[in-house]
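Let's have the full structure, built from the sequences with the hints guiding it.
Now for the letters of each chain:
There are 2 protein chains.
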Amino acid sequence: MDTYEKIIGLAKRRGFLWNSFELYGGTAGFYDYGPLGATMKRRIEDIWRDIYVIGEGFYEIETPTIGIEPVFVASGHVHGFSDPMTVCSNCDSAFRADHLIKGIVEVPDTLSAPEIKQLIDEHGIKCPQCGGVGTFGEVFDFNLMFKTTIGPGTQRMGYLRPETAQGMFINFDRLFRFYREKLPFGVTQIGKAYRNEISPRQGVIRLREFTQAEAEIFINPRDKNHPKFSMVRNAVLRCYPASHQQNDSEGGGDSDAAGDDRAAGVIELTAGEAVDRAIVAHEFLAYHLVLTNHFLVRAGVDPARLRFRQHQPDEMAHYAVDCWDAEVLTDRFGWVEVVGIADRTDYDLSSHANHSQHDLSVVLEYDTPKQVERIVIKPDMSMIGPLYKDKAGKVLAALKNLKEEDLNGDEISIKVDGEEIRIARDVVGYETVIEEVRGEDVIPHVIEPSFGIDRIIYAVLEHSFAEEIVDKETRSVLRLPAEVAPVQVAVLPLLTREELIDPSIKIVDMLRRSGILVSYDDAGTIGRRYRRNDEIGTPFSVTIDYDTLDDDTVTIRDRDSMLQIRVQVRELAEKVHAMMRSGFDSP
Amino acid sequence: MDTYEKIIGLAKRRGFLWNSFELYGGTAGFYDYGPLGATMKRRIEDIWRDIYVIGEGFYEIETPTIGIEPVFVASGHVHGFSDPMTVCSNCDSAFRADHLIKGIVEVPDTLSAPEIKQLIDEHGIKCPQCGGVGTFGEVFDFNLMFKTTIGPGTQRMGYLRPETAQGMFINFDRLFRFYREKLPFGVTQIGKAYRNEISPRQGVIRLREFTQAEAEIFINPRDKNHPKFSMVRNAVLRCYPASHQQNDSEGGGDSDAAGDDRAAGVIELTAGEAVDRAIVAHEFLAYHLVLTNHFLVRAGVDPARLRFRQHQPDEMAHYAVDCWDAEVLTDRFGWVEVVGIADRTDYDLSSHANHSQHDLSVVLEYDTPKQVERIVIKPDMSMIGPLYKDKAGKVLAALKNLKEEDLNGDEISIKVDGEEIRIARDVVGYETVIEEVRGEDVIPHVIEPSFGIDRIIYAVLEHSFAEEIVDKETRSVLRLPAEVAPVQVAVLPLLTREELIDPSIKIVDMLRRSGILVSYDDAGTIGRRYRRNDEIGTPFSVTIDYDTLDDDTVTIRDRDSMLQIRVQVRELAEKVHAMMRSGFDSP
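First to last, the protein sequences are chains R and P. Position 174 of the first sequence, counting from 1, maps to 174 under the numbering used here, and the rest follow consecutively. Position 357 of the second sequence, counting from 1, maps to 357 under the numbering used here, and the rest follow consecutively.
No wet-lab data here; the hints were simulated from the structure. Errors might be hidden in some of the hints.
[What the hints assert, rightly or not] Listed below are the simulated SDA-like cross-link pairs for lysine to any residue, each with C-alpha atoms no more than 20 Å apart in a straight line:
id : chain 1 : residue 1 : chain 2 : residue 2
1  : R       : Lys506    : P       : Glu56
2  : P       : Lys147    : R       : Pro152
3  : P       : Lys12     : P       : Phe210
4  : R       : Lys12     : P       : Phe210
5  : R       : Lys182    : P       : Asp502
6  : R       : Lys117    : P       : Pro152
7  : P       : Lys403    : P       : Glu436
8  : R       : Lys182    : P       : Phe210
9  : P       : Lys117    : P       : Cys91
10 : P       : Lys147    : R       : Leu144
11 : R       : Lys228    : P       : Ile505
12 : P       : Lys575    : R       : Ile54
13 : P       : Lys228    : R       : Arg513
[What the hints assert, rightly or not] If you want the footprint, here are the derived chain P segments under chain R, 3+ residues with CB under 8 Å:
id : stretch
14 : 170-176
15 : 196-202
Cβ coordinates follow ideal geometry from the N, Cα and C atoms, glycine included.
Here is the structure:
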């Protein structure tokens, strides 16, 4: 049993994660969060909000999970969001074609569909399902968006969004006004995204429906320094730069490829050094690497199993300036991407501006207005009027848009209603004027940290899991941070006797009223009940015993140290809140 | 301009609600929550969690928004979740056919598709879009689930869930184990649900994608008393019982029908009276009416514009025992359903048990075991063996399942492999035994409070909106509860001067670190900035002035009373937290 099986077994048994629709046989690529999993998920999302929404001031918005076609044409998803697929003609199973040739080529992502097909044929790849050889049909691109139709009829296509990002990009102009037309500003979204995988086979690591937390930060393209960089300059990052990956066989690999951390490849350096040595492109990106690191560790990822891997040039989207993945080390899947942090330049806004025919540029005001030379075209109307008659107005408009360099030849060429018109140079005069310009139009650049919440939850479970021998028995414990643990306090009467149960229930009510999630458990020996709570990561257990009846005190037991302290019932809620913030108060 | 337009205008302008996809022309039935709307939404969801998840101990789970077909066959949605639709053959517009005959029949819901078509023809209904008469095609049932396919090919249909409930029902057996096999227990889910409306025309009131918060509480069908009923017995409810609606023209109406509160129909009574007088079916339901009332008022619904309307017998689902809607009064839409609270009996679990062929019954243990008479069939094997040869085993098994009443005639009839076999009565002996039975198998009943979060948000906006004359100008203010207001504190330097801005920014950082959502505003006169914050419901504004530089104090201004108090900067965060809990601390 590998660690993944152990974690998934625990997660299933105790109500963290369940295969969806199991009552009806289930379907790959879908997981339910059970009572403990959903609670833990919400806590992790709330930490993310605390850092990004409250801390950074990036307001959260919520846009639909269904999107209309033009949005995803502009974003490139209708045409570019696909995986190569092939079907076995013998057993009808569908496969990711690039996965079939793993081991034959190092980076199958870069091959075209016909190239993949050729390799499958040349190497006589067997169908993993039925073992048939030479049975694969053509390789074609399968679009990974779930499709639907909106309303009756089939005219209006809808897609389940492949990322939350587009809902923020298409609201750029409203958001810019909301932030009183100043850069930089950030906006966030936590919500479902979808990817209609061809045949997902990696459990919670590759889901068809998953949760993203994304921030889109719109910045001045002329200034990628971060105003608060001095606060993070000395924070240490474990970086795996692109240049270090070239000698490693796993370089540029799939996010889910197994692999080891190579001591030679990963370097520890401060955010300041990373920028100074041009390892990270600029301060804004480096600041967000630090913030991501901070979030992941606070959520419960083991810092020793966390690194930032830079995309290699051929791996990065063509428009991106620099891109880093936060990767976590897992026992079964090796290094797994959980966050992507990219400088996407003006790609998204420019594309939406083009497709929607809405100007999404903003005016960057200069500190002081600039004097700029500009030419003003002065066409000779006494000649243009008679020459072009009712087209004269349009000719004039076209001429006024000319630039200085268009006036170099003997003739001037313009287009009117699609038709080229050539005009003798001397019909058009011009003069140079000096104008005061208060700013310039730019399309903001976008810094995007994009978090895969489900993978982070799995990583936190695996990294916090420990087995240790206590009293000659194996104790399983999830050492979850107190603010992440689903159950915050277990209330346990020492014995299942009415005189202890009644005050226990009162304590449960009191703690709940103070906002603490409490479980009550009176079944089995106290030792077994401690173990049950250790296994789900409950940080504190409160035990009610016969002394409670005498002096109104209870014990609080710490999950990690297993130490106990005795406190007054009336101080209990406050004490628990304090310990959730600052840790167990050892005796 | 009616109130709806006013609210939507404010909501759009200030970033609460935006039409989705407006950059690409928009699509009816989808709304974005902007920065303030999404924040407010999250706060309302958190209040719901505080009451249901923490307070009641109903753990939250999270199941996929995409579901597979068998789930919705069992739930009845594949065959029954539809609206009658017709298309104008002249302009191709699609319409809810029942909406076309509103005003002609009182309750169009009860008519069949051909009946509706006949009425449309008889009354010569015009197409509301193009004005054509007699142009409507057949009326047919349009299924309201969004459809998609999971994975490649078309074999596996997927539907976007029409409610979050099914994800909880199909996990019943796991949840029952999670709760250590005891009734009652509750489970909750907050998430997206979908309804592919034919042509939604009511803005945020009728959405194609919306958020539900649902609780499914599984109870002992033999005992519908609530263990904590004594705590709510004296809570007052505004009830509109089914029997009072029969004289009112709007009785049994559509949830979105306009209408007035009829003094005669609505009665105020305590939860205890409601149960004692058999107005509400039982304690468990009445308890949840009170809890719903508590939630809605805490979220900001005006108690005077809130009532509980009982479903009329012909309006209620056939399996339900009793059903109440919480309705809020809105200016444009009249009384709008925002919550439904129903006793759904064993309908959901029985249906899933039948369709999945999994037993979803539970054993209700008796306090003391019962002695029960049972017959034991004793077939005469010396005759059955030779008679039925290799079928003998199956015949035996069929005989053992017989009940006492099957043994009355001269012959016994059983079925083996679909074939009827008749056996002479005297071949089969039986005897009566007394058995000790420790409990009985029952399928739990379900109490379901189901909340439409989007409508609640709209109601809270409308109910908290006020205009009043202050200093001869109209002040618009959202009197949102402090725990619901998106921005909790506005930090405002009295003047836009560096010496005041610097300490203001420090105060922003300090408040954010304490978990408060702060906005900073230094543009315009202080009066205008107060108004801007009044309009979005910010409960407290902190002003930094020249006294701050001298004595380290700031003023806190209360949104509602517009009074101000002066506090020490070092006490500010704590003071604000206290006032968010208990209200403004008047001078």
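Tested hints:
no.: 1; hint: R:Lys506 to P:Glu56; verdict: holds (14 Å)
no.: 2; hint: P:Lys147 to R:Pro152; verdict: holds (11 Å)
no.: 3; hint: P:Lys12 to P:Phe210; verdict: holds (18 Å)
no.: 4; hint: R:Lys12 to P:Phe210; verdict: violated (29 Å)
no.: 5; hint: R:Lys182 to P:Asp502; verdict: holds (18 Å)
no.: 6; hint: R:Lys117 to P:Pro152; verdict: holds (18 Å)
no.: 7; hint: P:Lys403 to P:Glu436; verdict: holds (18 Å)
no.: 8; hint: R:Lys182 to P:Phe210; verdict: violated (32 Å)
no.: 9; hint: P:Lys117 to P:Cys91; verdict: holds (18 Å)
no.: 10; hint: P:Lys147 to R:Leu144; verdict: holds (16 Å)
no.: 11; hint: R:Lys228 to P:Ile505; verdict: holds (13 Å)
no.: 12; hint: P:Lys575 to R:Ile54; verdict: holds (19 Å)
no.: 13; hint: P:Lys228 to R:Arg513; verdict: holds (15 Å)
no.: 14; hint: 170-176; verdict: holds (count 5)
no.: 15; hint: 196-202; verdict: holds (count 4)
Of the numbered hints listed earlier, those contradicted by the structure are 4, 8.
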